[in-house]
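Visitor: Going line by line, the protein sequences match chains R and L. -8 is the number of the first residue of the first sequence in the working numbering; add one for each residue after it. 51 is the number of the first residue of the second sequence in the working numbering; add one for each residue after it.
Since the hints were derived computationally from the structure, they do not count as laboratory data. Note that this is a predicted model, so its numbers are computed, not measured. Glycine residues also receive a C-beta, built at the ideal position from the N, C-alpha and C atoms. Please note that the accuracy of each hint is not assured.
Below, a sample of chain L positions facing chain R; criterion: calculated Cβ distance under 7 Å [claimed, not checked]:
| hint | residue |
| --- | --- |
| 1 | Leu71 |
| 2 | Val82 |
| 3 | Pro127 |
| 4 | Leu159 |
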Amino acid sequence: MRAIALAAVAAAAARAAAAQAPAPPLRVVAGIVISRSDSAPVAGASVAIVGTALRTVTDAAGRFAFARAPGEMLDLLAARIGYEPELASVAEGRADDTTVVISLVPTPIQVSPIVVTASRAEHLAQESPVSVAVATGEDIARRATITVDEAIALVPGVQILDGQIGIRGSSGYARGVGSRVLMLVDGVPANEGDRDGIDWDLLPVNSVERVEVMKGTGSALYGSSALGGVVNVITREIPDAPQVSLRLLGGGYAAPPSPDWRWRTSPALLGGADLSVSRRVGPVKVLLAGGVAGDGGYRENNDDFRVHGLAKLVLAPDPQLQATLEGSLARDNHGDVLFWCTEGQCADRGLAYQPFRVDSTTLGNRTRSDKILVLATARGALSPSLALRGRASWYRTYFLDTYQTTPADSQAAMADRVGSEVGIEWHPAEGRVIDAGAEAAYSTVTSDLFGDHSETDLAWYAEDETAAGRNTRFTFGARIDAIAVDGVAWNAVASPRVAATWLWSPVQLRASVGRGFRAPSLAERFTSTAAQGIQVIPNPNLSNETSWSGELGAATPVARHLLVDAALFWGEYQNLIEPELVTGGTAIQFTNVTRARLRGLDLTARAADLAAGHLTLALAWTWLDAQDLTAHQPLAFRPRQLATLSADWVTDAGRAGSLAAGFDAHYASRPARVGIFENDRRVPQRTVDLRLVWRRGGVGVVARVANLFNYTYTLVPRTLEPPRTFSLALTVTR
Amino acid sequence: MRFSTVAAALVPLAISCDGGLQPQVSSTSCPVGICGVVHFRGAVPESTDYVRVVVYDSVPHTLDGLIAFAGFSDPLPLGPDSAAYTCCITALRPGTYGWVLVVWKKLGLLTVNTAPALLEAAGSYLDPADTTKFGAVVVQASDGTRGIDIVADFGRMQGIGAFVPAGARGTQGARGARGARGR
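Working from the sequences, and respecting the hints, build out all of it.
Guide: Given below as structure tokens:
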């Protein structure tokens, strides 16, 4: 890793020195990427010419080609999930016969994958100016997860509270409304148009290549909702060779640990099936994926049935010109569980609460939820120094809540979010890249809950990344958003960011400071309803939440097999929006009330190739101090400590295939405050997930036991987390 | 190397030695706020939406103040003769609360305007030393206040609007308490 960075900056410096001479003519640079372990070609590897806008992907035979590469000496950076990135130098040349062989070293744990979320351009995660963690498709596959949020719950500093994500304590819990984390699908914003929440079931997990989690504010690049971080879900590259993949999953929930809590005579089951097919026809690559999932529910009234599909079409007539059209849809129908049953609300058996049951009057309450996302992206390199990109998207969400006892109170909302963006990636000189663009988004909602409203967001952004000397890079950038609600009351927000990275061998240091903001969602502004006899009243005059935050981070190899990364983070937040009791407790309203401070430490250590290459370990620990400075009390729902230890033991692959056994142990301390039901007993999260993976050729079997010790706990008051869950997944890929 | 393997294998066992939440026979724990038992009298009206324990800083002087709850409990179970309660859903700030009562709510949407028509006092916590007066309850930050027992009589309820006539605060409280019990 260090060698890569040093070589890259040295080559850049040498080229800068020679920049006064006339540039040699363009040439063809072609090559092949192979695996160092067995010399097999590596398909789907990304290859980029360092310091230019040129990049491509290897075909099924591992081949790549740049038709118009610069004639001078250049460096190629090749990367693929499952391998360490590799840098290869290419001598100056004029003939069109430059052929390069790049061999990648397989690695069981990617110590520094390529990421694209931190600054829109590609970076090694370790050299990114802000902390970025990656959950790979392999991480997802070996845990047999069903939705994306299960996969990223393992990322250091991330906690998922009943579907609502908090990164380094950025969010508490508000039933998914007003997310302070922005979700991107292949770089395109995909938060809901009305509630600004995240739909984790939008994409089938077997179509996900990796998920990048950027920690800390991303408003300088992505605007509102990125106040607390960004989650970028990147879908699979489509291979050149035809491929069919089938995944079957089945399982069930263990009985409650106490006989006093048992509520059904037979175990609840879950299952699903996913099928994807892909192939290339000329310059067009097509992927079709679809599936169903059913879940009997570990709690009363908690059953779930879901269908989802994805179609992706990639047109790449030239390696430097690529267009993608992608559509995904999901329909979900589930029982609605608000809180568990307390004494007198159900067959309580004389107990103070029945965590697996709900209030009898809410039995039969259901939610139907539909989502459709269509996006188109295009990128073309006009020259080695300039690339253009554009995208357009449409995201529609619809939900219908129905109540068994009071059908007339049913509520529905349909929201649309249309967005577009154009941008450039310009390399005006060696070691410098400028990324700039303009973005527009228009959201509408029609609802008996939120009313009929719209929001318009126009934005301009630019960021300049410059090398200063051999080991230092600086990044300066800003984004300006102009936002209007219902076409009036425009307000403008500026979100600057400054960042730097230093290679202080062998330590890679990073520092960043930036301003973030989040515009209130239409739901927070306009919700008008009644819940359990209490009115929720609108607040159209809500202001933006804002923050100044920064981090200092360092990553370094400690020994041959160990990489350690530590980051100190600090954020000062203003005008945080919280649901508050108003008019003497008879109504709830979203209001700007809180000034807050979030600070802490993220520490991760990853070790691979231990025990003669069989054992890999990963430890993540986050310490968080989250204070409400207005009320002088801890912010609700923020655990002081989060920790995860993962281990995997892999046998050598033989004729019978390879076998791997592993576990994830999670710990989340008991939050000091949750705001509601403070008298309820709360416990820390202490769970262990166990897995066994067998693979041979294109066949894989994953047996998993989540919450192995059937530990009973909550993350959200009166909302039980799943008990011991068994699952068996069979994947066949041809 | 062998040590790291053994250590990795032992971690799952070490981390889950605690069983987490356990069945709880009744609402006996009282880590914060106010706790006690409500003893029910009379038949529960058919138009009942819910019955909760409600806490005020003091007996309100105005109708607006009447809905200025400091906090309220979960709905109380209405089958048994009595129900243990803990209060409140949102945490009570440390301090002294002058009126703790059991409120019966009629079906209907609760707003500032409808509160006097929909809410009735079924019984209040009384001063043990002088049961003609409401009892003041002190809430501390570090521990819950136990033993705040209340008798709720559905046959002798009184609209909470009746507690807001002109008059002195203390006298009002005493008259309200007598009214609620004497109806």
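Visitor: Val82/L was flagged as interface toward chain R. Is the shortest Cβ-Cβ separation under 7 Å?
Guide: holds (5 Å)
Visitor: Should the interface hint for Leu159/L be scored as holding, given a Cβ-Cβ cut-off of 7 Å against chain R?
Guide: holds (5 Å)
Visitor: Once the shortest beta carbon distance from Leu71/L to chain R is found, is it less than 7 Å?
Guide: Since chain R brings a Cβ to about 4 Å from Leu71/L, closer than 7 Å, the hint holds.
Visitor: Was the hint right that Pro127/L lines chain R, CB cutoff 7 Å?
Guide: holds (2 Å)
The structure meets every hint from the earlier list without exception.
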